[in-house]
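Engineer: Residue numbers (the numbering used here), protein chains in the order written: chain A, 2 to 327; chain B, 1320 to 1605.
There may be inaccurate statements among the hints.
What the hints assert, rightly or not - Each computed DSBU-like pair below joins lysine-lysine, with the alpha-carbon atoms no more than 35 Å apart: (1) A:K244 x B:K1430; (2) B:K1430 x A:K321; (3) B:K1430 x A:K59; (4) B:K1433 x A:K321.
As the list claims (entries may be wrong) - Listing some non-contacts, in silico: residues in chain A with all C-beta distances to chain B over 12 Å: (5) T81; (6) N88; (7) H175; (8) T194.
Stated by the list, open to error - Pairwise CB distance ranges (calculated): (9) A:L320 x B:T1387: 51 to 59 Å; (10) A:W174 x B:V1399: 38 to 46 Å; (11) B:P1367 x A:F240: 51 to 59 Å; (12) A:S225 x B:A1491: 33 to 41 Å; (13) A:R275 x B:G1336: 46 to 54 Å; (14) B:Y1356 x A:L320: 36 to 44 Å.
Read the hints as simulated data drawn from the structure, not as lab findings. Note that the Cβ used here is the ideal one computed from N, Cα and C, for glycine as well.
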Amino acid sequence: MSAQTEEATAARPTPATGKGGAPPPGASRTRAARGVPYLLILPTAALTVLLLGWTMVKNGLLSFQNLNRRQLIRHVTEWTGLDNYTNALGSSEFWGVTGRSVVFTAANVALIMVVGCLVGLLLARLGTKTRLLLSLGLVLAWAMPVVAATTVFQWLFDQRYGVVNYLLDRAGWHDMAGYNWTSGRLSTFFVITVLIVWQSIPFVAINLYAATTTIPKELYEAASLDGAGTWKKFTSVTFPFLKPFFLATTFLEVIWVFKAFTQVFAINEGGPDRLTETLPVYAFTEGIGSQHFGMGAAISILTIVMLLALTAYYLRLVLKQEEDEL
Amino acid sequence: MKPFALNRRAGSGSLLGRVWPGATAVVLFVVFAFPVYWMFATAFKPTPDIVGETPVWFPTSPTFDHFTKAVDADGFWTFVGNSFTVTLIAVGLSLVIALLASFAVARMRFKGRKSFILVMMMAQMAPWEVMTIAYYMIVRDADMLNSLPPLIAIYTVMVLPFTVLTLRGYVAAVPKELEESAMVDGCTRVQAFRKVIFPLLAPGLMATSLFGFITVWNEFPMVLILNKDPGSQTLPLWITGFRTTFGDDWGATMAASSIFAVPILVLFVILQRKAVGGLTSGAVKG
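Required output: the full structure, derived from the provided sequences and hints.
Structural biologist: Take a look at the structure:
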């Protein structure tokens, strides 16, 4: 019904200025015009349903199958009901990986948000030249392609010739000369975290800075008149004003870090001894690596469900702010 | 007056207080820029300088040897060709398809419009990295592993939601009156679009397509799983597989990474402003 409001005004000029001849029968014309928007969104909708929606369904179907190397080669479908799920949910390995992913995500996002916000607030305090300099550094880190960044970080943290070990050694921590960062779980996670945080801070900092420029100055002046100090101004003006931004960005980062595959995989392929596998990497090594495709699909569905919950909450946050703009 | 006076007492007081924001900014600049700098510096340094006891901080005697080695590596041009083929076709396709949809969404009222936008927002957050097994099975069943068309199709859909949502903003920004007056002057709606709106949209199309370009150019998990045959792989696999390609030759590895990163770094620095605007209007603001 709402199709008429704009469509009608747009369609009307044509018959009026018309190319002569009888005015087209009104009813059929508006009906045709009403179909136009659907025709326009059809390719997008069809492709999305076909290549994203169907894959989701396929992923679900696979998760109910016993599909290993043998079944794959013979092209047989063996339905196993909920076996994959009961196996996954009943294994300590799955819960270990899930816990690890949650802690990993929490640590990364906390670091990204805290440091990112501090850098953003710093940007707001700086003079033009220093702000430009810092922005340039941030944009370089932000723009660096992830795969290129992983090789660079492997080089920075290289055992023999890496700059990090050299600097630590020079700073007096001599044990670190020749330290093999990928030999331990925590040290591998450390490298991955530095990489992810380094690449994610610019997004938070630059957007936070952009957001602070939209805060009306009058609010600060009013707060000063009320005798508010620096901290009070932050808690009573800045933070409430930016709260939607904080929430939305935090969720976005949670989603991004939780599903990060490239960084975790490319730095050490989930090693040593599969100790740094997060859920996406775990689904990959179980499914593709060990050729337990059904099991891998079940793990990926469980991961997707967690992500979906996060995404739904995030979209609700965003839509609440943007309701009228939709 | 600065909107932020977190540390005002220190700020207006001692010399230290006035200097620290600038000093911190310089330190942070070094921290953020150093890895990128180090990639280029290593790529240009002669090997003895790379594997010395103490790092050589500046490439004082620059050499192109590592670049030559990277470019002469087995199959380099195949990877480059594949990367460009996949990226350009996927981005081009998604641009055309998204333009139609974004026009409908920005300019027309119709039932289901809101749901369509919502679906696009959901699709934009789709966990591609986690769905690779299903894609593997689908592509395998179609007997199309180790070929480019499946990648192109997947990448097209991957950048489609972002493209639709971003273009919607650009289309909406073109004044409706221009289109209407063109139609009053006797243009059909299609003509009005082609002659009036499209030229005004060009910068938006550029910016949007470049971000699609960055996404596809960088994509790693999908091609990792679908294409095991080097003849059908793209640059990200070549870069991450550097240990097999170059051994522990960090000079060549950094040269390869530099070749891969330069187009993106250049595009991004140019488009930085639009990046912020685009990401907030496309992702955060929906």
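Engineer: Starting from the hint list further up, note which numbers the structure goes against and sort them upward.
Structural biologist: Of the numbered hints given earlier, the structure breaks none, since each of them holds.
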